[in-house]
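Q: Bring the two chains, given one by one in their own frames, into a single complex with the hints.
Chains as they are written, first to last, in my numbering: chain Z, 1 to 203; chain V, 1 to 158.
It should be emphasised that the hints constitute simulated quantities derived from the structure, not laboratory data.
The calculated label-pair distances, taken between Cβ atoms and stated as ranges, are:
1. Z:Leu112 <-> V:Asn9: 44 to 52 angstroms
2. Z:Ser95 <-> V:Asn9: 37 to 45 angstroms
3. V:Glu39 <-> Z:Asp181: 19 to 27 angstroms
4. Z:Arg108 <-> V:Ser71: 17 to 25 angstroms
Quick reminder that beta carbons are idealized off the backbone N, C-alpha and C, glycines included.
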Amino acid sequence: MSIPEKAARLAARTQRVESASADAADRAKRRGSYLRVVPPPNPPDRHMGPGSITSESVIVALNILRSGETFEHLLKVLNEAAKPPKAAISRESYSSEFHAAMAGLSKRGIDLALVGQALQTWHLFCAATTPPEPTVEQTADGGVRFAWNDGRLYLDAQVYADGSTEWFFKNFETGDTDGTDEERDTTFPARFFELLRLLRNRP
Amino acid sequence: MSDSELPRNADVLRVLRPIPLHLPVGATKPTWEAMNPTEKDKLHSPVRVSVWDKRRTSPTQAIELRAAAVSNTPGEPRELCSVFAISVADILEVAATYNEPRVRVVNDPGGLLEQLRGMPGSDGHSGIEGLDRINAPRKQWKAMLLDIAMKCWFVHKG
Numbered sequence: 001m002s003i004p005e006k007a008a009r010l011a012a013r014t015q016r017v018e019s020a021s022a023d024a025a026d027r028a029k030r031r032g033s034y035l036r037v038v039p040p041p042n043p044p045d046r047h048m049g050p051g052s053i054t055s056e057s058v059i060v061a062l063n064i065l066r067s068g069e070t071f072e073h074l075l076k077v078l079n080e081a082a083k084p085p086k087a088a089i090s091r092e093s094y095s096s097e098f099h100a101a102m103a104g105l106s107k108r109g110i111d112l113a114l115v116g117q118a119l120q121t122w123h124l125f126c127a128a129t130t131p132p133e134p135t136v137e138q139t140a141d142g143g144v145r146f147a148w149n150d151g152r153l154y155l156d157a158q159v160y161a162d163g164s165t166e167w168f169f170k171n172f173e174t175g176d177t178d179g180t181d182e183e184r185d186t187t188f189p190a191r192f193f194e195l196l197r198l199l200r201n202r203p
Numbered sequence: 001m002s003d004s005e006l007p008r009n010a011d012v013l014r015v016l017r018p019i020p021l022h023l024p025v026g027a028t029k030p031t032w033e034a035m036n037p038t039e040k041d042k043l044h045s046p047v048r049v050s051v052w053d054k055r056r057t058s059p060t061q062a063i064e065l066r067a068a069a070v071s072n073t074p075g076e077p078r079e080l081c082s083v084f085a086i087s088v089a090d091i092l093e094v095a096a097t098y099n100e101p102r103v104r105v106v107n108d109p110g111g112l113l114e115q116l117r118g119m120p121g122s123d124g125h126s127g128i129e130g131l132d133r134i135n136a137p138r139k140q141w142k143a144m145l146l147d148i149a150m151k152c153w154f155v156h157k158g
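Looking at chain V on its own, in the form it has when it is part of the complex (with noise of 0.2 angstroms):
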């Protein structure tokens, strides 16, 4: 598959770590930090952030292949995660606003990693690109992150 489009139509599932710069305790939206590019998703050109076609991709399928992905990494019990789901059609309106051309939602079964590759629902693997920040003034681009986030929904807890 290649890395095409998304349809406006299609909604995206994002998994946030147990921290509260993703997700402050009690808080109904992630931050707009969860939208912020890790420096891993910054290995990849064009930078993407991770997230999971719902289409494809259960939140419970999410959350697993997040453990699997970080099994490595100490101290992010699955059952802590949470899942936000956001339409393509809010973040490309969003990003209008800003006038940021190039963020845009793409299916992307390249950036999978080697151990998920097979798992179920690992085929909904897709990134939002255009939410690093190259020009903007810095609080343009939080802003637009922060509307992004503020966008989101809640859809399951690990």
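Just chain Z, with the same shape it has in the complex (with noise of 0.2 angstroms):
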């Protein structure tokens, strides 16, 4: 089962996912690191039984409420998650290139530490949304920046091999912005996932 397909299950089990949620929160705040709960409480893809989450999941919940949003955001979140999008975009319709560059991303010489932390970026907004094909390359600064542009829309996420991340938004049409301001953040805010949903369900 692909990660969207984990995502969309799970925020079916609005519910299910709202006390394992609770639980894995709890744990994370008691620990004091978010990582430490990733392990799932079962394995994953085979048991989405009651109560259960995958380690996807977990990570997705957890930037979001490490970012300081509240419970209720997450679960509307993962309720938007649920929706079935306009045009249904398969991982299999990522074109080679992408494929490519990700793949590329540990033969270019990029430190291992970052090439992790892009691959985990990726996972996380695969396990929040099925995202339009980005590019992805390299920063003049040394990071990795997925970037989607359609014209009317852009929208950047750029993650560093300390784990730090940064984002930015522009709507050409109303010419808002928005995204990281002065310091980077090591997290995406739940407002980065509502952007990259539109994007996805943009005609």
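A: Right, dumping it as structure tokens:
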């Protein structure tokens, strides 16, 4: 089962997610690191039984919670994820250039820690939604950037080897901008995922 | 020639490397990163993003000059480079929108690499100042670079 499918299934089980995620969040808070709760309670993929969630789901949930959003907002995000997109995009629909770019990250002499962060970030996006195909490239300041530009909306996300992140959004039609203002963060806020879904659902 | 400002009705050329960071595959506009000063650009004070005055440098010459400038850099075949143009007026109008008075476009004969001197079109070397981020909020700075990039139009492929 693909990660987007897992996310959709997860979202469809909101009540179970609520109890499971709350428990995971509590554990994360007590232990001071969300990474320690990443190992899922059951082997992933095969046991989506009552009360169980996958490692990717935990990462998404805790990143959203860690960004300062309320738990209600997390549920809203998950419910949104359960809605079928206007035009479903399967993982297979990504171009060979995209797959080559992702696979090629580790072949370009890029720090393995950065490659790991980039892959984890992509999985994070896929767990929250089915992103449109981005361009992927190493940035001039030593990060990896995922960028989307459909001519009307622009969105990018950058990750760095130390786990820090920044993002940027511009709506060319309205002039609205959003994104990281000063200091980089360690997570992407719910607003970023909303924009990612907005891009996905554009006709 | 001094570093005089180019007139508003002038167009400048920007040669882009064949990498998605500057021009994603299939894209018709450069990315904001294509307007982001490189580490080499930042060695100059004030920081200048290298462009070519279209009145003095043709797109083909711009490609040749770029190829000569990076002749020691492997993996950048000139036939894959792209040339985009942008008007000085558009650059200044975008900068005004973001209240960035440092932005100006100037002749930059002093910034020309030694090996390029005397080459056809080399006297058109110019620079866009004020594109480096100093105090502006990160998203405001990126938005300005993106708006400038979106004003560019494609003119030539190497």
